Every structure is written in C-alpha cells, then in structure tokens.
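Engineer: One-letter residues, chain by chain:
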Amino acid sequence: MTLTSKQDISQKKEQMHRVLLGKKQILVTEDEPLLVQLERAGIHVEYQCREGYCSSCSIKLLWGNVSYPFEPLAWVQSGYLLACCAIVKSDIEIQFL
Amino acid sequence: MSYSTFNRKKFDSMKEPMFFGENVNVARYDQQKHPIFEKLIEKQLSFFWRPEEVDLSNDRKDFQRLEEHEQHIFLSNLKYQTLLDSVQGRSPNVALLPIVSLPELETWIETWSFSETIHSRSYTHIIRNIVNDPTLIFDDIVTNEEITKRADSVSKYYDNLIEMVNLYNTMGFGTFNVPGKGDVEITMPKLKKALYLTVASVNVLEAVRFYVSFACSFGFAERTLMEGNAKIIKLIARDEALHLTGTQHMMNLMASGKDDPEMAIIAEECKDDVRNIFIEAAEQEKEWATYLFKDGSMIGLNAQILGQYVEYITNVRMQAVGLDTHFETKHNPIPWINAWLVSDNVQVAPQEAEISSYLVGQTDNSLDDSDFDDFDL
Ligand code: FES
Ligand SMILES: [Fe+2]
Ligand SMILES: [Fe+2]
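First to last, the protein sequences are chains S and Z. So that you can map any letter, position 64 of the first sequence is 59 in the numbering used here, and since no number is skipped, the others follow by simple counting. So that you can map any letter, position 160 of the second sequence is 283 in the numbering used here, and since no number is skipped, the others follow by simple counting.
Source of the hints: derived by calculation from the structure; they are not laboratory data. In this text the structure is predicted, and so the values were computed from the model without any measurement. C-beta atoms are modelled at their ideal positions from N, C-alpha and C, and glycine is treated no differently. Any given hint might turn out to be false.
[Said to hold, decoys possible] Just so you have them, the derived chain Z footprint on chain S, three or more residues with Cβ under 8 Å:
#: 1; region: 36 to 47
#: 2; region: 50 to 56
#: 3; region: 66 to 74
[Unchecked claim] Computed Cβ-Cβ distance ranges for the label pairs, DEER-style:
#: 4; chain 1: Z; residue 1: Pro257; chain 2: S; residue 2: Lys19; range: 50 to 56 Å
#: 5; chain 1: S; residue 1: Ser62; chain 2: Z; residue 2: Glu385; range: 31 to 37 Å
#: 6; chain 1: S; residue 1: Leu92; chain 2: Z; residue 2: Phe129; range: 42 to 48 Å
#: 7; chain 1: S; residue 1: Asp26; chain 2: Z; residue 2: Pro458; range: 23 to 29 Å
#: 8; chain 1: S; residue 1: Ala36; chain 2: Z; residue 2: Pro384; range: 42 to 48 Å
#: 9; chain 1: S; residue 1: Ser85; chain 2: Z; residue 2: Lys304; range: 53 to 59 Å
#: 10; chain 1: Z; residue 1: Phe171; chain 2: S; residue 2: Arg13; range: 39 to 45 Å
#: 11; chain 1: Z; residue 1: Asp395; chain 2: S; residue 2: Glu66; range: 31 to 37 Å
#: 12; chain 1: Z; residue 1: Lys417; chain 2: S; residue 2: Leu92; range: 27 to 33 Å
#: 13; chain 1: S; residue 1: Ser73; chain 2: Z; residue 2: Lys279; range: 31 to 37 Å
Could you put the whole structure together from the sequences, leaning on the hints where they help?
Structural biologist: This is the structure in structure tokens:
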C-alpha cells in the first residue's frame, strides 16, 4: 500500500504544470480538469454545465497545450480552452475575457 | 426550389450544406456530415423531463406571501419566458425545416423545438399553481407593451426569413411585390443572409435573453422562496445551455466556410449586424431589469447588478461565436447563479440534495431554513 501511494505521488509530481494567469501562477496536475483546480486555488471561473456543452467556461489559451478526454459538445474557438473539461498537458498561460 | 416532403432525387447527403441544398429525403443517422447535431440530439433526449414531476404546492403559499413588487417581478418574468418559448416552440420548425439539407440537423431542429414545448407546458403548470385565473396572465402577454416590444425583436428575423423562403419556394428567384411591404428581392445570397441573421438572433434569444429571468428565479430560491419554480427553471436552463451550443455550432460552421463557402462570405459581411443584434438585445434586457424593479428590488438583486450580469453574459456569448466582446464588465456580479445553472449530475451546489428530489417524485418540498445557511447573496 505504502509503495503504491509513493508511486502515485511521484507520478503526480511528474505531471505538474504551471498555469500562468496575469501575475498569478497556479500548479496543476493532469488528474483533473483545469476548472476545479483553479477553483481550489480560489480563482472564480465562469461556468454553467461543467460537462463541456455550454461553452461558458471558455478561457483564452495564450500558449501551451491542453487535451480533452472526451470531445466536448461545445464549439472550442481556436486559441481558447474549455476549463471544465480541459486537461493541462504542459505549462500554459491563460487569460480571462 | 419548391419544397418536397420526400425529395425523389438520388444524392449524397454527406455532400450537402446545412441549409439551402437538397431537401432531406431519407431520415438516416448512420452517417452524419456534422456529427455534433447527432450528439446534441442524444444529449437532449437524455435531458427529458416533465413539469408535472415538480411539486409546486409550496410555491402557491410562497407567492401569496410575496410583496406586491416581488409578485410583479415574478409574474413579469414568467410572461416574458412564456413569450420566448412560444416563439421557440414553433419557429425553428417553421423557419428552418423547409430549408434544411442534412438529416441529423433536421432532427436536431425538431428535437430542439420539442423541448421548447416542454418549457411552455411548464409555464402553464407554474401559472395554474399560483393564480386562480391563468387567462389574466396569458392575455397580458399580447397586450403588455414591455412584452410586445420584445416580441417584435425576437420574431422579426424569423418572420423575414419565413416570408423570403415562402416566396422562393413558390416563385423562385426574382423581385416580388408583397402587399403592405413593397418589393422583396429573392436571391440566394439574400436568403443566406436572412438565415444567418436569424440563427444569430436565436442564439441571442437563448444565450442572453433568458438570463435576467433565470437570475430572478434563483434569487427567490436563494431565500427559499418559489423553490419548485426554481427547480423547473433549472431544468429549462439546462436545455437552453444545449440549445445555445446548437446555434453556436451553426454560426461557427457557417463562418468557417467548411460547410458552405458562400456562407463564410455572408457571415463576414454580417459581422457588424450580428454584433448589433447582441448589443441591442443586451440593452433591451437591461431595460427589462429596470422595468422589473420599477416598484422595488429584491434582496441581492437590483436593476444595476442585473444590468452588469447581462453585460457580462453577453460578452461570454459574443466570444463564443468569434466576436470581440463589447462591454467593459469583466466579472460576473452574481457568481452564485452558476451553482444553480449547473447540471444536476455534477456536484457543486449546496442545494444539490434538494434539487435531486424532483427525480424521485414529489417528496421533499419542506426543507427548513437551516438547510440553506451556506448561501450568501
Ligand atoms: S461549463 Fe459548460 S462547457 Fe464548461
Ligand atoms: Fe426554451
Ligand atoms: Fe431553447
């Protein structure tokens, strides 16, 4: 058991990415979508469905990569991400409306 | 040119544009040019609900205890929503079915419109529960100036498109004299422009116009008033969030030129018109907020806060269809609304336990105040 959890921790460490938002910097993992991790960091993000179909959580992605475990129903404008379902895959910089 | 309910031509529907190609013949969903519309259909079907599942008996008592200016807010919003869903329950069918060319999009339009009829039925359910004579409420919708002003704005693009398509289907291209209107010129670019502006105005209807009313319903419910109504509005809001994605896809597909190259040119030409549709609607909604609160505000909401919310949500919606935002407001002034707008199956909101009760029937409608201690307005 101990061994597994240690592995978990080291795996998670490898997956940590920096999210730059203005002057703020938030560390996120690949385990959960960006939205919940921003909320946990005390940042208010607009949302509605939290399931990828309403596009309310759309945020500008200035640089970096995200991926979607399921293709969202909402249209994702190029240069934007959907925070409720995007998994951060590299250091990224984002900007609100 | 003229519409056929079963087009006898043999053609590859995978090569048709969304609109103004061949009339759809075989309703087949094994292949889709734009799979998104099939996914929207499936999602909408998974959302199916019936208003009668929501118990409104407490709302009747609550309503009687509301102050007069609060009753005005509540009833006016109901009337406005009734208007919007009356339009939406028929117009996508009447305006878009005669010109649609893809089976999956045709069925999305029908599925979408059908869900609007559920919304309309739910207003009757709500109104019947709180007043003795629903006719007084319904009759006012066609005479109340504040409502009819808005009826003009939400129906004019639809009506124009319907008229042009009628002319096109009977007469083809050309210039025709319409009694009371003068000469109307029918060309394919003009038809496509009318379509694009209609889709934009429908997007604005569903993505912006409903939200003042939603905010008020949830504002009452945060005070544990009219909670049955809020449950219904929550279900309506979930549907509307899906509908707005449908029109966003149509607009973005059109603008991309991937569906129909000519449509991309028209979308570009219409950019300023579409911006103005958004801005005009936002201004009307701000006026509506002022009308709602003319005799007094409700706790946590007033015309100014709602005005800022309208500006904020309009910015969000403009960005979603590739337009630059228009308003200065950069923050949601009523962030608590999102916890009400979220889908039932996602755990966020403190009212989660209460909301799920509609699923198991009409059980738990009597929570006491302590259940809502976490709320802040
Ligand atoms: S909250 Fe709806 S798409 Fe993200
Ligand atoms: Fe509706
Ligand atoms: Fe709708």
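Engineer: Any hints from earlier that this structure breaks? Give me their numbers in increasing order, please.
Structural biologist: Violated hints: none; all satisfied.
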